[in-house]
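K.L.:
Given next are the chains, with one letter for each unit.
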Amino acid sequence: MSSFGLDRKLGPMRLRAWFLLLNFIFNGVALYGLSRVTVEGAGWPILVVGVIGTLACIGVLSAPAKE
Amino acid sequence: MAEDTLNREFRYPLADAIPEAELAQQVKDLARAKRRGFVRGLPTYLRLGGPGFIGAAATLGAGTMTSAMLAGAQFGYKTLWIYWVAVGSGMFMMAAMARFTCQGGFTLIDTQARLHGWFIARVLTAIVGLATVCVVFNFGQVALGTHLIDSIAQIDGPGFRQGLNWPLYIVLTSWIALSYGRSRSGGTKLLENFMKWGIVAMIACFAACLFVVGIDWGAALKGTLIPWLPSGTMGIDLFIASSAAAIGVADWALFHYTGHAKGWRREHEGLARTDMVAGFFVPFFVVCFLVVSVFAATLYASGEVPTSAPELARALVPLLGEKGAQYAFMIGFLIVPVTSTIAMCIGSAIGIHEAFGWKPDVHSWRWKICLLLPQIGFLAAWYPSPVTLIIIIAAALSLTNNIVGWSLYMMLNDKKLLGESRSKSRLWNVGVMVQVTLLNCVAITYVFNRLGWWQS
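Here the protein sequences come in this chain order: A and Z.
Residue numbers for the first sequence follow this note's numbering, so the first one is 1376 and each next one is one higher.
Residue numbers for the second sequence follow this note's numbering, so the first one is 292 and each next one is one higher.
Treat each hint with caution, since some may be false.
Taking lysine-lysine pairs in the DSS-like style, the calculated list, with each CA pair at most 25 Å apart, reads [stated by the list, open to error]:
#1 Z:K659 x Z:K480
#2 Z:K707 x A:K1384
#3 Z:K480 x Z:K319
#4 A:K1384 x A:K1441
#5 A:K1441 x Z:K715
#6 Z:K706 x Z:K480
#7 A:K1384 x Z:K706
#8 Z:K715 x Z:K325
#9 Z:K706 x A:K1441
#10 Z:K707 x A:K1441
#11 Z:K325 x Z:K480
#12 Z:K715 x A:K1384
A short, non-exhaustive set of chain A residues, derived as facing chain Z with CB atoms under 7 Å [to be verified]:
#13 L1395
#14 F1399
#15 G1403
#16 L1406
#17 S1410
#18 T1413
#19 I1433
#20 L1436
#21 S1437
#22 P1439
#23 A1440
It is worth saying that the hints were derived from the structure and are not from the lab.
Glycine included, each C-beta is placed from N, C-alpha and C at the ideal position.
If we strip away everything but chain Z, and leave its shape as in the complex, we get (with noise of 0.2 Å):
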């Protein structure tokens, strides 16, 4: 039998307030709800879970709407097998997260920096794939999220303005975010419940509009089964680039962390699985299903499509008809910015902390800085988005997503590091290779898109 160098007393810093008793009674509830079968122990495994949904959260924001919306408006039904093929490639990665984070007993960053140098761990993972991500990203949220509140306020009366409804946005955003890990668990399930009703809420309002407009399932049933991408380059940009967005390192990272956040152990990683699943997955193919099928049913092949997501939305919403559909359209749309805003926040927080070996403590200012660093994004409410940082940050991603997604499959299969814990399924490893081969190609098709050989 290998040995391992694993610390089974392992805790992150964050889960320190969480009373030993309290995870003690997870425990417990977890052997009775695997003991009562997958179906009926599903709402423990739900009640239990929650870094799934605060994934989930952060992925399911402007940038996935947005390109979920055009697909419909420009493809109808037929690319919505995308997404689930997209976001299950990944969820390969994700167990290797849940197996690191329960049964690793290290955190994923300090190891990878022992194992594969600073460089990979603190710089390709902490910063440019977690924290940049986070901070760089959410003026894209803030914009999206100002403006529907001034659209929701439109539809019955003057509007409220961006210039002036950001600090509503700011505040609550900031508030949830900042009760992270405070309060002994208290504060994590605030986060985490606010997220899980903030995607159920989601949900039934994307479905209430899809009610309203109708849905053609024979289509819908195609697209989801049957693959389809338009023809030539511009088919396979779409494929790789839907792929890569659904599930990348900031999501890996998030997951491991606030994995950890809730203290979990090796007895939790069949609950980390479940919530992967349930909490990530189902919603992320659910939402986008909805989004793709409402723009499907009304925008597609009504000619001219727009491209941002506000100019979306404000085509399609007279074609809702009903002022109850409206409002469902813009308050479901309206819970994908401020939930990934309050996930990016604890992204931000976690990836600036371990890009400097510094211990989280939620009751410091260094974290609370570095947790609110993402609301500069409130500039939005008045400037166009930073685009030049976008694009410098999309191509750093773009070229390192892949070394990160190599040192992780890496560690996975290190002997010496997880001991019996390591990756035994060639399935696992295949899995896990597939999404590496998916993010080598991202890489590599925006190298030829800047040397000319791959014309869209």
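If we strip away everything but chain A, and leave its shape as in the complex, we get (with noise of 0.2 Å):
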């Protein structure tokens, strides 16, 4: 993951604050999800993509700044 360059500014924030902001959109696509799954029942296909794109988000955010 170091070489992904986490701490390189794209635009007006570091790479890896975008990546926060990723991470809170996947988070909402969950609970949406969840909040469907848990009414009506169906809704399942956005509850799996919220929370793996929250993994993969929280994955890659926990890489350490790089040498």
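Two chains, two frames, some hints: make the complex.
P.N.:
Here you go:
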């Protein structure tokens, strides 16, 4: 992950900050899917996309800044 | 090697009064404790610690106690696991605070303002996350504390009405809070020792009650180790709300600044980490475990469950039977708001000073006024708590705590800011991100609720 360049700037923010935002969006998708699943019994694909996206973002953001 | 901008000579104004020789002696004591090993060195860590206990006292307030009592009365032992998971996930962010305090050589909010702007630092962290929480949520502490004084007086006497006993509550808590940072290190030690012994007394009182009512160890162990939630969105709400309520911005900031106020430096980081576990994690979990268990053993499945702390306490007391147990519960319960109020006074003073960039000076009138501001909660002795204000603050917290979390995660991974002291651990970053994600979920479910997409 260190070759990813998570700390280089992309536009106004570091890539790490963009991933924080992306994580937030995936959290929203997961919770929306979850609310659909618990209320209507439908919405599993949305929930799965949200959870996988969240886990991927946390995986990326777990990388420490490189030397 | 990355360059850093750390100021190794940094000293927070509240630590100015601490003699250098005392700090040097602490460093020697800590080195000796480290050589002796964790168990034999623990008494030294407990003696020198303190900010963790202040944090636990702040968090273990009327709100946490009410939710613990309700959880025990409604779900028995089944939700005990939430408490250690919630406070445990918060430890990673607390470790980040320990790093900023001991190795950063900066104050959190000033640095946040420089890196991420004044709005996130001064408004979201200092005002919304710390100062306002301390001022507004103290209404609940005073209401509960004065109610309990009256209830204790009623056990064997005519009572002591809230409208009359509030000066006792306000004077005691104000006197201890005002001692913070004074008399070289004596005032801070007085306050920290009050918190430490308060928490010990709280645990002893609740443990005595549990001894009287008995505990189903099998169910308690199962509830502690095996996750269970009520079905539907109610379960998700319960988990997210409990997790977010255990540790938030106020706890992070308070731990950082109260560590600075003790003059902690690089050599104190081990102490800071031990303090956050022994002073915060353990007391928080033990107190919640005891309270949930007492209510699980008595009110659970008894039918109608009251919803407020005073009503829950009133319903429990006859079930305790022995008068000694009734006193023990009431006194243990009274320590909860007393220690919380003291911690909230400190948080209010630090938060307001940081919001406006003022230098804290415990001898100044400005410090004293900021510190005593939460005591406006004395009005709760006569009037109901300001529900609208509490709802507004709770909403602001729900919507913004996560943004502060993002900012702190970025700081922990900032090579320019922390240099070699930045996080180099994937596990640490994952732990911080788990808490940030939980706080994101709080903000999102709040919005979904308003949009009608989330039906509890």
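K.L.:
Would you mind marking each hint as holding or not holding in the structure?
P.N.:
Hint check results:
Under the criterion of a C-alpha separation no larger than 25 Å, the hint pairing K659 of chain Z with K480 of chain Z is consistent with the structure, at around 18 Å. Using a Cα cut-off of 25 Å, the hinted pair K707 of chain Z and K1384 of chain A holds, with the two alpha carbons roughly 14 Å apart. Of the pairs offered as hints, the one joining K480 of chain Z and K319 of chain Z holds, with about 19 Å between alpha carbons and a cut-off of 25 Å not exceeded. Proposed proximity of K1384 of chain A and K1441 of chain A is supported: the alpha carbons are some 14 Å apart, at most 25 Å.
Using a Cα cut-off of 25 Å, the hinted pair K1441 of chain A and K715 of chain Z holds, with the two alpha carbons roughly 8 Å apart. A threshold of 25 Å between alpha carbons decides the hint, and for K706 of chain Z with K480 of chain Z the separation of about 35 Å lies outside it, so the pair is violated. Of the pairs offered as hints, the one joining K1384 of chain A and K706 of chain Z holds, with about 13 Å between alpha carbons and a cut-off of 25 Å not exceeded. Simply put, K715 of chain Z and K325 of chain Z have alpha-carbon atoms about 23 Å apart, close enough for the 25 Å limit, and the pair holds.
For a cut-off of 25 Å, the pair hint linking K706 of chain Z to K1441 of chain A stands: about 8 Å separates their Cα positions. For the hint linking K707 of chain Z to K1441 of chain A, the alpha-carbon distance of about 12 Å falls within 25 Å, and the restraint holds. This hinted pair checks out: K325 of chain Z and K480 of chain Z have alpha carbons roughly 22 Å apart, not beyond 25 Å. Of the supplied pair hints, the one linking K715 of chain Z and K1384 of chain A holds, its CA atoms being roughly 20 Å apart against a limit of 25 Å.
Annotation: L1395 of chain A was flagged as interfacial toward chain Z, and the flag holds, the nearest CB pair being 5 Å apart, inside 7 Å. Hint status for F1399 of chain A relative to chain Z: holds, with the closest Cβ pair at about 5 Å, below 7 Å. Using the Cβ-Cβ criterion of 7 Å, the hint placing G1403 of chain A at the interface with chain Z is satisfied: the shortest such distance is roughly 5 Å. Look at L1406 of chain A: its Cβ gets to within about 5 Å of chain Z, closer than 7 Å, so that hint holds up.
Interface restraint check for S1410 of chain A: the shortest CB-CB distance to chain Z comes to about 5 Å, inside 7 Å, so the restraint holds. Given hint, T1413 of chain A at the interface with chain Z, holds; its Cβ is 5 Å from that chain's nearest Cβ, closer than 7 Å. The beta carbon of I1433 of chain A comes within 5 Å of a beta carbon in chain Z, closer than 7 Å, and the hint placing it at the interface holds. Of the supplied interface hints, the one on L1436 of chain A holds, with its beta-carbon coming within about 5 Å of a beta-carbon of chain Z, less than 7 Å.
At its closest, the beta carbon of S1437 of chain A sits 4 Å from a beta carbon of chain Z; the interface hint therefore holds under the 7 Å criterion. With its C-beta approaching chain Z no nearer than about 5 Å, P1439 of chain A sits inside the 7 Å limit, and its interface hint holds. Using the Cβ-Cβ criterion of 7 Å, the hint placing A1440 of chain A at the interface with chain Z is satisfied: the shortest such distance is roughly 5 Å.
The structure fails to meet hint 6 from the earlier list, while all remaining hints are met.
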